[in-house]
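*Asks:* Work out the full structure: start from the sequences and follow the hints.
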Amino acid sequence: MANENKITAAFVQQFHDTYEVASMQNESRLLKTIVNRGKIVGESFTVNDMGQVEMSPSGARFGNTNWTIPDAGVRTALMSDWDLFIPIENRDIPKLKAHPNDKYMKNLVSARNRTTDDIIYQSLIGSVTRTTVDDAGSKTVSQVALPNTQIILSSFGPLKKQIIKAKTLFRTNECDEKNGEKLYMIYDSHMMEIFLNDTTLTNADYLKIQMLQEGQVTTNWLGVEWIPYEKLNNGAGGATERRTVMYAGTAAHFGDADITGFDISTRPDKKNIKQVGGVHSFGAARANEKKVVAIDFLV
Numbered sequence: 019m020a021n022e023n024k025i026t027a028a029f030v031q032q033f034h035d036t037y038e039v040a041s042m043q044n045e046s047r048l049l050k051t052i053v054n055r056g057k058i059v060g061e062s063f064t065v066n067d068m069g070q071v072e073m074s075p076s077g078a079r080f081g082n083t084n085w086t087i088p089d090a091g092v093r094t095a096l097m098s099d100w101d102l103f104i105p106i107e108n109r110d111i112p113k114l115k116a117h118p119n120d121k122y123m124k125n126l127v128s129a130r131n132r133t134t135d136d137i138i139y140q141s142l143i144g145s146v147t148r149t150t151v152d153d154a155g156s157k158t159v160s161q162v163a164l165p166n167t168q169i170i171l172s173s174f175g176p177l178k179k180q181i182i183k184a185k186t187l188f189r190t191n192e193c194d195e196k197n198g199e200k201l202y203m204i205y206d207s208h209m210m211e212i213f214l215n216d217t218t219l220t221n222a223d224y225l226k227i228q229m230l231q232e233g234q235v236t237t238n239w240l241g242v243e244w245i246p247y248e249k250l251n252n253g254a255g256g257a258t259e260r261r262t263v264m265y266a267g268t269a270a271h272f273g274d275a276d277i278t279g280f281d282i283s284t285r286p287d288k289k290n291i292k293q294v295g296g297v298h299s300f301g302a303a304r305a306n307e308k309k310v311v312a313i314d315f316l317v
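Going from the sequence shown to this note's numbering is simple: count from 1 and add 18.
Heads up, some of the hints might be wrong.
Straight-line Cα separation of at most 25 Å, DSS-like style, residue types lysine-lysine; simulated pairs [to be verified]:
{"hint": "1", "residue 1": "308", "residue 2": "50"}
{"hint": "2", "residue 1": "178", "residue 2": "308"}
{"hint": "3", "residue 1": "308", "residue 2": "183"}
{"hint": "4", "residue 1": "185", "residue 2": "121"}
{"hint": "5", "residue 1": "289", "residue 2": "308"}
{"hint": "6", "residue 1": "124", "residue 2": "57"}
{"hint": "7", "residue 1": "185", "residue 2": "50"}
{"hint": "8", "residue 1": "178", "residue 2": "200"}
{"hint": "9", "residue 1": "292", "residue 2": "124"}
{"hint": "10", "residue 1": "185", "residue 2": "308"}
{"hint": "11", "residue 1": "308", "residue 2": "157"}
{"hint": "12", "residue 1": "200", "residue 2": "57"}
{"hint": "13", "residue 1": "200", "residue 2": "50"}
{"hint": "14", "residue 1": "179", "residue 2": "157"}
{"hint": "15", "residue 1": "196", "residue 2": "178"}
{"hint": "16", "residue 1": "249", "residue 2": "308"}
{"hint": "17", "residue 1": "50", "residue 2": "157"}
{"hint": "18", "residue 1": "288", "residue 2": "121"}
{"hint": "19", "residue 1": "249", "residue 2": "200"}
{"hint": "20", "residue 1": "50", "residue 2": "196"}
{"hint": "21", "residue 1": "185", "residue 2": "196"}
{"hint": "22", "residue 1": "179", "residue 2": "249"}
{"hint": "23", "residue 1": "292", "residue 2": "121"}
{"hint": "24", "residue 1": "308", "residue 2": "200"}
{"hint": "25", "residue 1": "200", "residue 2": "183"}
{"hint": "26", "residue 1": "183", "residue 2": "196"}
{"hint": "27", "residue 1": "249", "residue 2": "183"}
Per label pair, the in silico range of CB-to-CB distance [said to hold, decoys possible]:
{"hint": "28", "residue 1": "86", "residue 2": "214", "range": "48 to 56 Å"}
{"hint": "29", "residue 1": "178", "residue 2": "84", "range": "44 to 52 Å"}
{"hint": "30", "residue 1": "121", "residue 2": "249", "range": "48 to 56 Å"}
{"hint": "31", "residue 1": "238", "residue 2": "183", "range": "13 to 21 Å"}
{"hint": "32", "residue 1": "238", "residue 2": "156", "range": "31 to 39 Å"}
{"hint": "33", "residue 1": "215", "residue 2": "165", "range": "43 to 51 Å"}
{"hint": "34", "residue 1": "103", "residue 2": "156", "range": "44 to 52 Å"}
{"hint": "35", "residue 1": "241", "residue 2": "174", "range": "31 to 39 Å"}
{"hint": "36", "residue 1": "176", "residue 2": "123", "range": "26 to 34 Å"}
{"hint": "37", "residue 1": "49", "residue 2": "84", "range": "40 to 48 Å"}
{"hint": "38", "residue 1": "54", "residue 2": "297", "range": "16 to 24 Å"}
{"hint": "39", "residue 1": "156", "residue 2": "281", "range": "12 to 20 Å"}
{"hint": "40", "residue 1": "145", "residue 2": "99", "range": "17 to 25 Å"}
These aren't lab readings, by the way, just hints derived from the structure by calculation.
Beta carbons: idealized from backbone N, C-alpha and C, even for Gly.
*Replies:* Quick look at the structure:
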């Protein structure tokens, strides 16, 4: 027809009046699982540790007193500064039906929470600075790594066997629920896939859970609470492995400081554009190596 595609060219278009925020982790999942020291004043904070002592037979009456001095040290969590700023061009605001300010602030808080989890995870599996003083008053500063006895390599066996071994290590070290500890296990999508494809692990009679029906790892298994986290490091074997971790709730300490906080400010040096953002400081340190077990698994 003569009028075909003429009137339709003037059809109106309704523009979206909000922003669809990208899929992301919004809350800190690991902060609630460790010791939160709250707001920190200074460049660092410390975690004091003390070793185990044992009694011994008294021996002869009126004999000399034998002193037992426990190993003690001070661990240091160095605060590191992180910032995030997003510019808002004033000239663009009247042209937008969707105002981005509220989504920007949500993005900022989500980024802060993800950084919190990253720092906690790295403190669990990384090294920590420890200071000791001997009887002569000499100070020694060392970097304490997670010992090999607390790392289960992929060569040990299937993931389910590694997890059972990790749980037994906590019993061996007197760091499980029988000693008042709450245990946690970090898992990612690779572990999820392994679990859901394992006919033994998904048997309701064996684990008393419904993984296949729910499509997710159950919250508790083996007396351990499972926490999702997708940014696992590579294992000792490289890119074909990931390093997850089982840990006690007192295994690490975290602290933070709001240097500026998140706010909206004007930038006179940038034609008075608005910016949202702020600067924050974070720090974390492992308190006890026996309360952490790293697991390298194949992906």
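*Asks:* Of the numbered hints stated previously, which ones are contradicted by the structure, given in increasing order?
*Replies:* When the structure is compared with the hints, numbers 4, 5, 14, 17, 30, 32, 33, 35, 36 and 39 turn out to be violated.
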